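Quick note, the sequences are listed as chains A and B, same order. Yeah, the first sequence ends on 572 if you go by my numbering, and it's all consecutive. Yeah, the second sequence ends on 1176 if you go by my numbering, and it's all consecutive.
Treat the hints as calculated values from the structure; they're not laboratory data. Careful: at least some of the hints might be erroneous.
Unchecked claim - Computed footprint of chain A on chain B; a stretch qualifies when at least three of its residues, placed anywhere within it, have a C-beta under 8 Å from a C-beta of chain A:
#1 1015-1027
#2 1083-1091
#3 1107-1115
#4 1155-1163
Claimed, not checked - With a Cα cut of at most 30 Å, we get these calculated DSS-like pairs of lysine-lysine:
#5 Lys-32(A) - Lys-1160(B)
#6 Lys-1104(B) - Lys-39(A)
#7 Lys-1138(B) - Lys-5(A)
#8 Lys-1125(B) - Lys-5(A)
#9 Lys-1017(B) - Lys-5(A)
#10 Lys-345(A) - Lys-469(A)
#11 Lys-1050(B) - Lys-39(A)
#12 Lys-32(A) - Lys-1138(B)
#13 Lys-268(A) - Lys-469(A)
#14 Lys-475(A) - Lys-268(A)
#15 Lys-1099(B) - Lys-403(A)
#16 Lys-32(A) - Lys-1071(B)
#17 Lys-1104(B) - Lys-6(A)
#18 Lys-1071(B) - Lys-1125(B)
#19 Lys-189(A) - Lys-5(A)
#20 Lys-1160(B) - Lys-1118(B)
#21 Lys-32(A) - Lys-1066(B)
#22 Lys-6(A) - Lys-1138(B)
#23 Lys-1099(B) - Lys-32(A)
#24 Lys-1017(B) - Lys-1050(B)
#25 Lys-1118(B) - Lys-39(A)
#26 Lys-32(A) - Lys-1125(B)
#27 Lys-6(A) - Lys-1066(B)
#28 Lys-1099(B) - Lys-39(A)
#29 Lys-5(A) - Lys-1104(B)
#30 Lys-1104(B) - Lys-1050(B)
#31 Lys-1138(B) - Lys-299(A)
Keep in mind it's a predicted model, so treat the numbers as computed, not measured. Don't be surprised by glycine CBs; every beta carbon is placed ideally from N, CA and C.
Chain residues, written in single-letter form:
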Amino acid sequence: MENHKKLQEFNCLVLRCLEGVISPEEFARLDKMIASDSKLARKYAELISINCELYKPGQMGTFLTQHVNQTEESTDEILEELQALAIHEKTAPAKEILPHIDSEKVVIGNDLSDLSPERNMKFFVCTAIAASAALLFLLAYIKFVPPRPSTIPVAVLIDTVNAQWSRAPEALQKGDAFSPSDGALILSKGIAELLFENQTKVVLEGPAEFELISIDQITLHYGRLFASSPNQSYGFTVQTPDSQIVDLGTEFAVKVDVTGVTEVHMIKGKARLTVGNKDTAQNSIILTETQAKRVDAAKQMFNPLRFSPVEFVREIDSGRNLIWRGEPLNLADIVGGGDGFGTGKIGSAIDPKTGSSFMLKNITEWIPYQGSDGYVPISWHDFIDGVFVPNGGSGPLTVTTEKQVFEHCPETSRMYWAGISNGGQFSEPLDAPPEFPRLNNTVYGNSERPGLFMHSNLGITFDLNAIRKAYPDIKITEFRAACGICDNAPKRLPYADFWVLVDGQVRFGQSGVRADTVHEISISITDNDRFLTLITTDGGEEVSVLINDVPAPIDSDWCLFAEPYLILQAKE
Amino acid sequence: MSKEKDQNQLFIQLLMKYQKRIYNFILLLVPNYADADDLMQETVSTMWSKFDTFQQDSNFTAWAIKIARNKILNFRRNANNKILHFSEESMTNILEESKEIFEKQHDRTLALQECLFKLAEYDRKLVSLRYEQDLPVKDISRLTGRSVNGLYHTMARIHKILLQCVQRNMIFWKTV
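Could you put the whole structure together from the sequences, leaning on the hints where they help?
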């Protein structure tokens, strides 16, 4: 009988019975044990006795205990309640739930929601000071110190940009560790990048309040968060007020607004999104790449949402003040002197003969220029290797400082117009109102829709290695653009060629492009590719407009590379 | 009026003194908190309305338990087969074995006080969450991240520890 397992089972059955979760089969087993063994019957009686001491003994008992210091007033109150109860018992139908008699816990001291770790455990006994000195009704309230949140570090602060903390461990610095014992942290402003022990990177954007729970779990009360887990690990969990997101590999972003509404954007791989938490959850879905959902906790549903990964910061570099939200690198912005993320000047252009920059709007006359042979290296911007006026008439054309050549560059007039520009408005003729270049009825050349305006004959080479060096945590995966002759070009005889080279090798070529045609460009870029070259040539038409009595095959060749982007991806 | 007031006062005093004993009896035979709470309320209500029939020099607890027993019988009868209840053999064993426990209730209460102090910190926390905060086991499971089944096993272990401790204390106090 004294078998440990049997006793353990017996105790479990009794407790489950008291909680009302025992099955008929289990109860039958319990009944049989008690009926057949008087020692177990005694054990049962003892267990019930202990539970009676611990448990709040029903509504009446609780009610009475609040009047332990029995006074005349409290007696009257009790009597009123008893009378009301008696009337109810007479009139209520069988098994009806009786009216609740409100009572307050007779707790001396603080309740358990106070997690002050310094508090000592106390044991409170509720006794009566009535006519009798006897112990009326003992309620054992236990005061305890809840287990301290762990002080073992679970994440490290890697970097911050413009971060301001309104609740954090003092003097937070890069390299500092966070542990669950830090509690709720508030990043009131700026960006912070953390690396968890399980190698998951988390980028938080303030204002945000969060708690680090373990090496693979964070609670986001509000704010924006981007999480990226290495390929071989999954299970990183983000808990929000109304949902739980479990990473199944590898990147997702979460936004929680101040009302607790959660949005999830699946950037790469997949994740499980559950309404509530692991125990109250009733509805759960798997989110796959480029899906986005908003949680409706009240209806236990997930509403569709526009996938918007650029809302979330994915990489930061305080040294370069870089905040990258997954947006592509804009080559037109680089031509304008920028970093590729919108810091360049619209309308800033590069002279292909000298390599110097100027503003397109400062052009006072539209005349074609004669280019010279030779590649012009650029020293004022690391990302630009050089510029040139393309002409294959003398043989293979040098297109990089590494002397890589465009083997079959067509022969051109070597004439060019203005320069290679970061969009911008210009007037043609000069007394006409200035306009941005348009392609397929869409305006380009502004900050919203960048455009690299390259009236033939022009060429520019970008140094991909320099870009990689500047953004070491990001890799270049693709060059993407659309190309064509602008709609607002003069309706004379536009006729031009477009070329895209990687390390001197043609990866895209479209010759004889006329007005009203647009061509899409998509070129994969690998880590071994060093230089990207964009070239426009004048098509070599023999009959063309004369400008100042000079045949100008470049006339009306308003060539545009629309939205010339390098597509980026975070390195794993 | 003064006599009625004295009667009322007496009822309340007696109830406050013995209500735990009454509830213990109910819980023994109806081992389900929710049902036991309802039955306790019905019992107290009937006791109150029939207090004028109580012989003041007789045993209040015995009188109250008689009312409680009738309530339990009615409860079973009305529920038909919808509730789980012990067989006659079990009930006989339970009532027989519980006599001594009830006789030493006061000492057991004091012993339990001491034993609660001696629990390990984590066990104390669980006991507090369940009985002081009155959190259902499934809510404790959510709070602690432990499975419901696991929690029942832990609670069973804690009860066993408390029981052994109470028994030891009772033996010790007897010999002192």
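Which numbered conditions among the earlier hints are violated in the structure presented, ordered from lowest to highest? Failing hints, ascending: 9, 11, 15, 18, 19, 26, 27.
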